[in-house]
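Model the full structure from these sequences, guided by the hints.
Next come the chains, spelled out residue by residue.
Protein chains: 2
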Amino acid sequence: MTNPINLDELCINTIRTLSMDAVQKAKSGHPGMPMGIASAAYVLWTRILKHNPRNPQWADRDRFVLSAGHGSTLLYSLLHLTGYDLSLEELKRFRQWKSLTPGHPEYGEIPGVEVTTGPLGQGFGMGIGMAIAARHMAERINTPEFPIVNHFIYAIVSDGDLMEGVASEAASLAGHLRLGRLIYLYDDNHITIEGDTALTFSEDVKSRFEAYGWHVQEVSGYDLDGVESAIRCAQAVVDQPSLISLRTHIAYGSPNKQDSAEAHGAPLGEDEVRLTKKHLGWPEDASFLVPKEALEVFRNAVGRGEQLESDWKRMLDRYATVEPERYRLWQALVRGGLEDDWEDHIPTFAAETKPLATREASGKALTAVMPHAPGLLGGAADLAPSTNTYVKGFGDFASDNPAGRNFHFGVREHGMGAILNGMALHGGLIPYGATFLVFSDYMRPSVRLAAMMKARVIYLWTHDSIGLGEDGPTHQPVEHAAALRCIPGLVFIRPSDATETAEAWRAALRHKGPVALALTRQKVPIIDRTKYASASGLHRGAYVLIDAADGKPDVVIVASGSEVSVALGSHDLLRQKGIRSRVVSMPCWEFFAAQDTAYRDSVIPRTAGLRVSIEAGSPFGWERWVGDDGLIIGLDRFGASAPYETLMREYGFTPDGVVEQILRRLRS
Amino acid sequence: MTNPINLDELCINTIRTLSMDAVQKAKSGHPGMPMGIASAAYVLWTRILKHNPRNPQWADRDRFVLSAGHGSTLLYSLLHLTGYDLSLEELKRFRQWKSLTPGHPEYGEIPGVEVTTGPLGQGFGMGIGMAIAARHMAERINTPEFPIVNHFIYAIVSDGDLMEGVASEAASLAGHLRLGRLIYLYDDNHITIEGDTALTFSEDVKSRFEAYGWHVQEVSGYDLDGVESAIRCAQAVVDQPSLISLRTHIAYGSPNKQDSAEAHGAPLGEDEVRLTKKHLGWPEDASFLVPKEALEVFRNAVGRGEQLESDWKRMLDRYATVEPERYRLWQALVRGGLEDDWEDHIPTFAAETKPLATREASGKALTAVMPHAPGLLGGAADLAPSTNTYVKGFGDFASDNPAGRNFHFGVREHGMGAILNGMALHGGLIPYGATFLVFSDYMRPSVRLAAMMKARVIYLWTHDSIGLGEDGPTHQPVEHAAALRCIPGLVFIRPSDATETAEAWRAALRHKGPVALALTRQKVPIIDRTKYASASGLHRGAYVLIDAADGKPDVVIVASGSEVSVALGSHDLLRQKGIRSRVVSMPCWEFFAAQDTAYRDSVIPRTAGLRVSIEAGSPFGWERWVGDDGLIIGLDRFGASAPYETLMREYGFTPDGVVEQILRRLRS
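One line per chain: the protein sequences are A and B, in this order. For any residue, its number in this note's numbering is found by taking its place in the first sequence, counting from 1, and adding 37. For any residue, its number in this note's numbering is found by taking its place in the second sequence, counting from 1, and adding 37.
A hint or two may mislead.
In this list, chains with the same sequence are indistinguishable; a pair is considered to hold if it fits within one copy or across any two.
[Stated by the list, open to error] Think about it this way: if two alpha-carbon atoms lie no more than 30 Å apart in a straight line, the pair counts; the simulated DSS-like pairs of lysine-lysine are: (1) Lys560 / Lys135; (2) Lys560 / Lys64; (3) Lys491 / Lys129; (4) Lys391 / Lys429.
Because the hints were derived from the structure by calculation, they are not lab data.
In structure tokens:
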């Protein structure tokens, strides 16, 4: 085992056996993929990757994404071996309660894990988001003398990744944008869970990616120098993303399971582990063995990484002196993307102004804050004009203008979702992405990951109810507010007017996690804050806009978004009928749920005679706030195509319609 | 206008002006696309399409899918002109309340509309589902002498469709399956909402589709004979799907708006409509004008269609005599895909059997019913072994075995969702598709459309909670039950044991709309139905499994899925402590909500001292059944990677954990 000729193989087999052993000990996991791709991963991590295991946060590190997240033991083995703060003990606790080695890599939990992966295609898309962020920041930060932002994005992707639509969308965009510093290793092992990939996947991957504008190479996954040359060649292709297709064998080295679907998602079995070790020239009885010579090779990463980072820091110090203005920008970006006084620039709206769609108010807020939030970068999935997300004067991100801050995603909502996550995780940017609320469904898997990773992404979802009118039920969100509110960790804000929209932007930029704004297409009145309560109540999730004269309401009406002005109209009508009501604006359930019970009960007292909710969407979940005996005015069906005033009237979202329902309930 | 040389142009301009006029009158809509593609659509509908306007349900009609659903006036114009039961008056009521001409085509509402489209990419995928259904049925039904199933699937698709991942997934599969009778016209007009497609979409579409295995042609969209030849050439390519790329101009004929993004989603304006008419040689003042000569050309479809169908019917009569066995199969398929006695074959499970995962029970039910449900065809998105959806003895659908009834979707959940819809809408089949519940997110836009169209699709979503264990939070659904329950029209069933799973299959096959089964990965006890109530209660959504001895429970515990046995354990523990409880199994909210109040109150009395729910998922929405003062035992966070027993214990989903919470609440 000490023959230097075989040192590479010794290192590679260390990865293989650690991966096998971890899965076997857990009696659960995916051993085949790490065993198959270990050689190429070894080349990447020991000969190519720029990283500092002692500081996984170093801003100019290369990013490594294991898009095929089920092969997590590959990544955990590499992290442990190259000297990250991940002990061998943790590898032995693979997939156990509170270990640092969960079934799939989890961002934020494990030093060196750049993204949470597992749902296929997501890592593929997030890597592209990272490459966009890197390209953009390089353009704004670097000078010829100071390449401060100078890293590559690498990923290992699987056939499953390539089959997923989210990857197709992102790949097409990456080719269009000519992202040169994006290098993906495709683990072409010909095996999926159901069997040979030939069962469902016979497309010509090389031609497909070339059609997207990628540079494609094909190499054996076991030719170490060939893999290295291919990566270096890909690095030299500065104006195209690269796919390096590596023919590999799942469960490489396993006498009975290599090249079989069995090896994908189950332990090899004690006997086969022994046989495989024997076949690899490994001590059969050894478990979690890390040969000293191999560890030495891997641990070179520590010294090398420290040197790289310290060289870079010296450069940054010089840069601070020579390029003070750029350095200030750099600092603003890495510290969160906001200038100190950004909040002063959130606009206000006067009540005398005529009605304004909240999408328009959002556009104004974005335009106002953009110059003071240098990290903001975003756009829409081909709906910039409709979502009011184009900010004049900040240029369009393009291959020949990577400093542009307006981003065009194309009709690619899911790709947008994954790319936004990658931009956010890269650091330095606050990405935002827009589409119609109904199409949040298209990007939902990425939104879930954003919530899980606490990625700082802002979603601008407009056309937020039947209030969009004529486009009809395919475009009218009904269930979406409910479906998004139930994602743990996502903040969903549906502001009632322009003023609350500005506060929603403030909240979004303050928050350290994903925030969604649901915005109207139709115009809504600007609530007179001299008469009604301040919109600052938004930050507590719900607040009393106006109360019964004596503070003892018979009816408490809770509403969100465009229905708040309907509630205010209802309040007036009820007063004329001698019924005391309170109107609560509830733009954000998550913020309200985080308040203490005393505040919540003070806003929506359970003792009220009747609690009413109004939201032009699914009634689902509103019992939480108005009780199962409350009156929930919602829409428990799909909408229809007609002018929005007609729809609102027909479905009862008018003061008259609401008051009629309240009176009927009070009489019953 | 009567010059026969220009008759084609007269017809085409009739489509253009009707589309313009409808949008202009509605002051809302998308005029540019119909104007640009009118020539090719005219060729397809007058020279190629096999259809009978007098019977839009004719089983052997060609299917036409307007994937770019925003161009709905194109379709409405064609339907009116060729003689479907869609009057000119309806065209004048475009996008109005209760008109037959909604903003986007809606299936089930309008004669001749085959699918609901609008959300991009969906129509593209659904057409592929139709082509799969047609290929499959042709193989089982046809003989050389009797080509009973003998139609093509056509679609008009846009650049937006091609950018969507769902289309990429479906296209890759269509190429793999060599679906020859699929012919898509690509409206390559170079314009998206944000501007020129070059802004985001510079991929080589031709090469990309050739890489998928498609036959690709490029033709001018205004060369009528060229378009016709290309379609006939595509028909002759029997072993590849076809894409015919048509270079077109959005808003063709509009002097000021042709080739501009402005013409995509807004009326041209009164003045521009007049200018365009003038430019097209049309009477400027005429509105909704249908020249007699043009109508005559289009209406040829009626006589031709009646002839085609009557010829076909004669063939079917002969077939009935010559091929009686096949004819019986044909009848079973077109009448709903089930043999008369299918319900007799739903299996039962004895309580003494050892615990069984509900995914396994589902596999047994499917296997038992498959021979008696000839319309069943389905499979998984590369998870057949994990979802128990492979049925032995029924072959694998493949290009060389289209009669196979096990379908392999590959790692393409969204494509699967759209394809399932297309299969269902084609008629003759009951498609089912499987993946993990967490990945229902990937296919959600298609699920929504299934619900809207009442498409008879069965979803088998396994690994339905943290009970899947080690794979961790990326694979553990938490919010999914809630997020699916809020889709109007989707039936979501989470059975508690093997017996309820069999009843869930019965319910799914009875239902005329989409039904989802959420199934466990982990084993769960088979509830002893001699001791507890019959699982037939599933059909009412919720039912009392066991009550307090005196029928006066202090505590009513409502649970679903794997947590029902936890509830039963809790019931026993509580009885030991002298607390009277009732356990309600609630597998399906939608069925329960459809019961009358008397039944609902008899199962879950509001007067109970404490109502409790147990579900290992988001608490979101449970207040509806247990009140806002109820005890909701759920999981309001993402899960973790660990063995499932650990997770269930740590998160409190054990009888001990539940009883502890109930006692705490009763004491407070």
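Results for each hint:
no.	hint	in the structure
1	Lys560 / Lys135	between (50 Å within a copy, 24 Å between copies)
2	Lys560 / Lys64	between (58 Å within a copy, 17 Å between copies)
3	Lys491 / Lys129	within (28 Å within a copy, 50 Å between copies)
4	Lys391 / Lys429	within (23 Å within a copy, 67 Å between copies)
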